[in-house]
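Trainee: Just add 94 to wherever you are in the sequence shown, counting from 1, and you've got my numbering.
Please keep in mind that the hints were generated in silico from the structure rather than gathered at the bench.
Quick caveat: nothing in here was measured; it's all calculated off a predicted structure.
All C-beta atoms, glycine included, are put in the ideal place defined by N, C-alpha and C.
Fair warning: there could be bad hints in the mix.
[As the list claims (entries may be wrong)] Label-pair restraints from in silico Cβ distances:
#1 Arg307 - Ser588: 30 to 36 Å
#2 Ala453 - Thr592: 51 to 57 Å
#3 Lys438 - Arg308: 23 to 29 Å
#4 Gln336 - Ala281: 20 to 26 Å
#5 Arg501 - Thr592: 29 to 35 Å
#6 Glu543 - Ser380: 27 to 33 Å
#7 Met95 - Asn221: 23 to 29 Å
#8 Lys322 - Gln470: 48 to 54 Å
#9 Gln311 - Ala281: 15 to 21 Å
#10 Arg606 - Glu381: 38 to 44 Å
#11 Ala528 - Glu559: 37 to 43 Å
#12 Arg116 - Gln336: 56 to 62 Å
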Amino acid sequence: MDIRRARGEMRLGRPVFDLPLRVTFYARVSTDRDEQLNSLENQVQYYTELIQSKPNWTYVEGYIDEGISGTSTKRRDSFNRMIADAKAGRFDFIITKEISRFSRSTLDSIRYTQELLEHGVGVLFQNDNINTLDSDSEFRLVVMAGVAQDEVRKLSERLKFGFRQAIKNGHVLGNDRLWGYDKKDCALTINEGEAQVVRRIFDLYANQQMGIRRISQTLFDEGFTSRKGNPFNVLTIRNILQNPKYKGWYCANKSQTVDYRSKRKIFLDESEWVMYPDSAVPAIVSEELWDRANALYKRRSQQMMAHQSAAEFHNRYPYSGKIICEEHGTSFHRQVLKSARGEKEVWQCRVYRNRGRAACSAPQLRTAALDQIMAQIFDQLAQNKQAIVDAVVKVIKSVPDEHDYGRDVLRIEEDLSAINAKKDRLLEMSMAEAISIEEFKRRNDGFNEQIRELGERLEHIKTEEQKSKSSVEQLDKIKTVLEQELSFANGINSELVTTILDHMVVKKGSTREEVYLDIYLKFGGPYRAVFDRENSSFRINRY
């Protein structure tokens, strides 16, 4: 029966229960707790019996979502399937408990109701006594759904207030599985077994100037592993180094929810963070050590960005971004020196260039000398041309088939969004005293562990994606260049240097007069050029 005819029958006094309709139902609970699932079973039984008890109704199997919040329809598979089936004309009428089961958003409620009506499907919100086949249903729906949405907003504000009060009262909020601590009754105590790992990480990084990946391997070699017995993930070590709790400080307001309906968050600038010494957080490392480690982290990050910037935006010359000063970790910059005898193109460490020879022991390098060094290396490569080409082809063939990393990233991000939605709902239940504190902590710990594992997987996938892209692109280009130009019949050229040279590191030699240039190619090598300051000569060794 179409809507126009159904409404005509109802205006004549015929109740909807007597109309010849194909009827289904939609049921949802927002958690997977036993009592909620029992409620869901009761809903299914009730609606099934109700529909089948009406002689003029034809029963259509219902649609059920378990453990899904009503704030968003994104993850509600059965709901979305129901909408699609309605458009396909598989039923005429939907029964659901109330507006909050259908959607908590006014906009969503009206949009989906209108969309269903356009496809000839009505909805009965039973507890709210709204039947969209009635002529005044849309007005009543706006009023009722508006009340439901306002309740969500108020609950969001109450949760924020609860967080602020908890912080004010000295309760430690956030991750219950913070490495180095045990958390009980919203208070942290030091776990000495794990704390020694935290202290070791800060020592290796700040005192021994060790990189994060090397720290992971060192910890594993020393017998320190994650809770699952694996080497520490790079992301975990980075988070430990940057977490101010380890120096006894509280840090909050790193992000802000800008839309309570979509739960969309923005990350705030560091200047807006709230940080202060907190007596409720026992320090594992000293403030001095933590500050020193983070100053080093920022400095290294800036150097890396500067190096990447040089490599990406200043590649007008073949050596741009490829010569690195070991002493300062900065790129060499091109400089043209003018004199009465003409111009001379040289490369200087940025510190040398800005502050003079006394600030950096690395010499300035003439482009002509660098070209001679690279020409000698290429001559050595040319003597074994076929073996090199074969090796490159072998490596290219060993690259696995392309993997859809983007799809993997999207899936993980969707899983993270779903878990965060469950955490929000769990917190709502806790604030409403619908579950015990013990139950809240148990389930929240599980969610946090899932988020941590997904974060590690996401980091790994993004790293592998970058490796895959760069290796295939670079090796393909190298192979082409080798086959065409490895004979060096036309001499050295800038494209050849750009393609084959990865980078070179300038470092102190064994004597005052010597400087080492450790040269790394994108295959083969490495080579060491020993530069003699006194007579500006060099020799090349492979090591």
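Trainee: Of all the hints given earlier, name the ones this structure violates by number, lowest first.
Mentor: 2, 3 and 9
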